[in-house]
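Visitor: Assembly of the complex is requested from the two constituent chains, each provided in isolation within its own frame, with the hints serving as guidance.
As they're listed, the protein sequences go chains A and B. By the count of this note's numbering, the first sequence reaches residue 177 at its end, each step adding exactly one. By the count of this note's numbering, the second sequence reaches residue 79 at its end, each step adding exactly one.
Hints should not be assumed to be uniformly reliable.
Said to hold, decoys possible - Covered by chain B, according to a simulated footprint, are these stretches of chain A (three or more residues, beta-carbon under 8 Å): (1) 71 to 85; (2) 146 to 156.
Unchecked claim - Pair ranges (Cβ atoms, derived): (3) Glu102/A to Cys34/B: 36 to 42 Å; (4) Glu95/A to Pro17/B: 22 to 28 Å; (5) Asp29/B to Ala98/A: 52 to 58 Å; (6) Asp29/B to Asn105/A: 38 to 44 Å; (7) Thr164/A to Cys34/B: 29 to 35 Å; (8) Ser65/A to Glu68/B: 36 to 42 Å; (9) Lys75/A to Pro17/B: 23 to 29 Å; (10) Glu99/A to Asp29/B: 26 to 32 Å; (11) Leu16/B to Arg142/A: 36 to 42 Å; (12) Gly121/A to Lys12/B: 48 to 54 Å.
As the list claims (entries may be wrong) - Straight-line alpha carbon distances no greater than 35 Å define the calculated DSBU-like cross-link-like pairs of lysine-lysine that follow: (13) Lys44/B to Lys91/A; (14) Lys91/A to Lys63/B; (15) Lys76/A to Lys65/B; (16) Lys32/B to Lys165/A; (17) Lys44/B to Lys76/A; (18) Lys12/B to Lys32/B; (19) Lys44/B to Lys165/A; (20) Lys44/B to Lys75/A; (21) Lys12/B to Lys91/A; (22) Lys165/A to Lys91/A; (23) Lys63/B to Lys4/B; (24) Lys44/B to Lys4/B; (25) Lys75/A to Lys32/B; (26) Lys76/A to Lys165/A; (27) Lys65/B to Lys75/A; (28) Lys4/B to Lys32/B; (29) Lys12/B to Lys63/B; (30) Lys165/A to Lys4/B; (31) Lys12/B to Lys75/A; (32) Lys63/B to Lys76/A; (33) Lys12/B to Lys165/A; (34) Lys44/B to Lys12/B; (35) Lys65/B to Lys44/B; (36) Lys32/B to Lys63/B; (37) Lys63/B to Lys75/A.
Worth flagging that the hints you see were computed from the coordinates, not collected in a lab. Everything numeric in this text was worked out from a predicted model, so none of it was measured. We treat Cβ as the ideally placed atom computed from N, Cα and C, and that holds for glycine.
Given next are the chains, with one letter for each unit.
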Amino acid sequence: MRQSSLFPQVAGDSGGGWAAPGSGPDSAVPGSGSGWAAQSVGPAGWVVDQPIDLVGLLAGGHHPAAGAVVLFSGEVRESNRGKKVAFLEYEAHVPLAEKMVAEILAEARERWNLTVAIAQHRIGRVEIGETAVVVITASAHRNEAYIANRHIIDRIKHEAPIWKCEHYLDGTKEWGNNCNCQVAM
Amino acid sequence: MKIHVYAGLKDYFLPEFELTEEVLNIDQLKVCMLAINDQAGKLLAACRFAVEEGFIDNTYKFKAHETVIVVPPSSGG
Chain A
-7 MRQSSLFPQV AGDSGGGWAA PGSGPDSAVP GSGSGWAAQS VGPAGWVVDQ PIDLVGLLAG
53 GHHPAAGAVV LFSGEVRESN RGKKVAFLEY EAHVPLAEKM VAEILAEARE RWNLTVAIAQ
113 HRIGRVEIGE TAVVVITASA HRNEAYIANR HIIDRIKHEA PIWKCEHYLD GTKEWGNNCN
173 CQVAM
Chain B
3 MKIHVYAGLK DYFLPEFELT EEVLNIDQLK VCMLAINDQA GKLLAACRFA VEEGFIDNTY
63 KFKAHETVIV VPPSSGG
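Bound conformation, chain B alone (with noise of 0.2 Å):
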């Protein structure tokens, strides 16, 4: 599973990184995420999670080999 982070994630991981071990949720991601980084815990709280049809919530299971995009809270404008 390919992860691609943005934004101030970028603090914590690097933009784009790939797990290996089976992940089939958002809770589990970002479990598998703290244990690269643990400092990441409060921003990874407020991040929303999408693939590439569009934002997933929790009742989404990952497809193997799907590409993750964790949204940190906008700040445009």
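So here's chain A without its partners, still in its complex pose (with noise of 0.2 Å):
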């Protein structure tokens, strides 16, 4: 699993927040701690090729300055335009796909105050009814954790350099050309 650098410099709360007790990125890991993880920290990376511990991740999602908490878990399905899935494979350049999530992750903490913003994206091979994304927002009120919540999953969907790989039971492949944004706004 791949360790992430960026760590300190994105994640870290440079607004003056709050530090739980015996927390750090370190205890960000799942089980490993009995206070508050770190806010905006996830345990491998925001990209990750490992399965998503959604358990885990939504432990550092709570903060005591937040009144709620969004989680959006983005999972394989089944079908897609009639044909039927065998699994996703997906692709990342990895340091730019690294780089631009934590970019996107702080505009969004700065853009509506969040007090948390986590997202992890798998790569790798993807099982049916797995999760292939996460992105948990925590704000003061559910309005800001909704919205920017929403805007992070677009924005990682559109911009990241991540690829998906649908492989169908026939044997056939596609890559990419699938997102639905505009028709599911």
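Guide: Encoded structure:
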């Protein structure tokens, strides 16, 4: 699993925020501590090649100044455009993707005064029902957490150098071109 | 100059290859890549380009022996 040196620069609270007793980047590892985890810090970087630990990340989403925590989990569904999906495979330019996700999170934290902004994206093979991407936002009130969460996932999908390849049960595969944001809006 | 391509571009090019001719900017790089495989035109037109420091635009002048990353449209999530 890839460790990111970006954590201290982009994940730390530069806005005079809190530091949970005994917490730090290491204590954001699920089950490793009893206090709050450090905000905006995922346990393994923004782009990971191992299953995403939703529960562990959510544990890092709590914050004493937050009255709302929103978690979005983008998951692999079993069909796409009428074809049965076998699995997805994600590829990324990891250094660029890490940098871009960090910038997206920092921008959202600033814009909506978030107390927590976390995102992780899988690369490699992701099976049906597994989480491919997670975004967690927390803020004083729910509106900002919802809006920021949607903003972050949309920017990650559209801008981060991460690509999806759909592998179908019929043996064919197809790269990308799958964003349905315009339909969904 | 080393070129790295990703995702759907790998259907048209090797993941990594080298260009021996002098390439000064993105437009010239596109011409060189289309000379290798002219079927990639539509996808190449939608790509972004980056070097080690990050994304670049058409005004960027490539340095000698620079590695260029050709970035197809994102499809994460």
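Visitor: Let me make sure I understand: some of the numbered hints might not hold for this structure. Which ones are they, in numerical order?
Guide: 5, 12, 15, 27, 32 and 37
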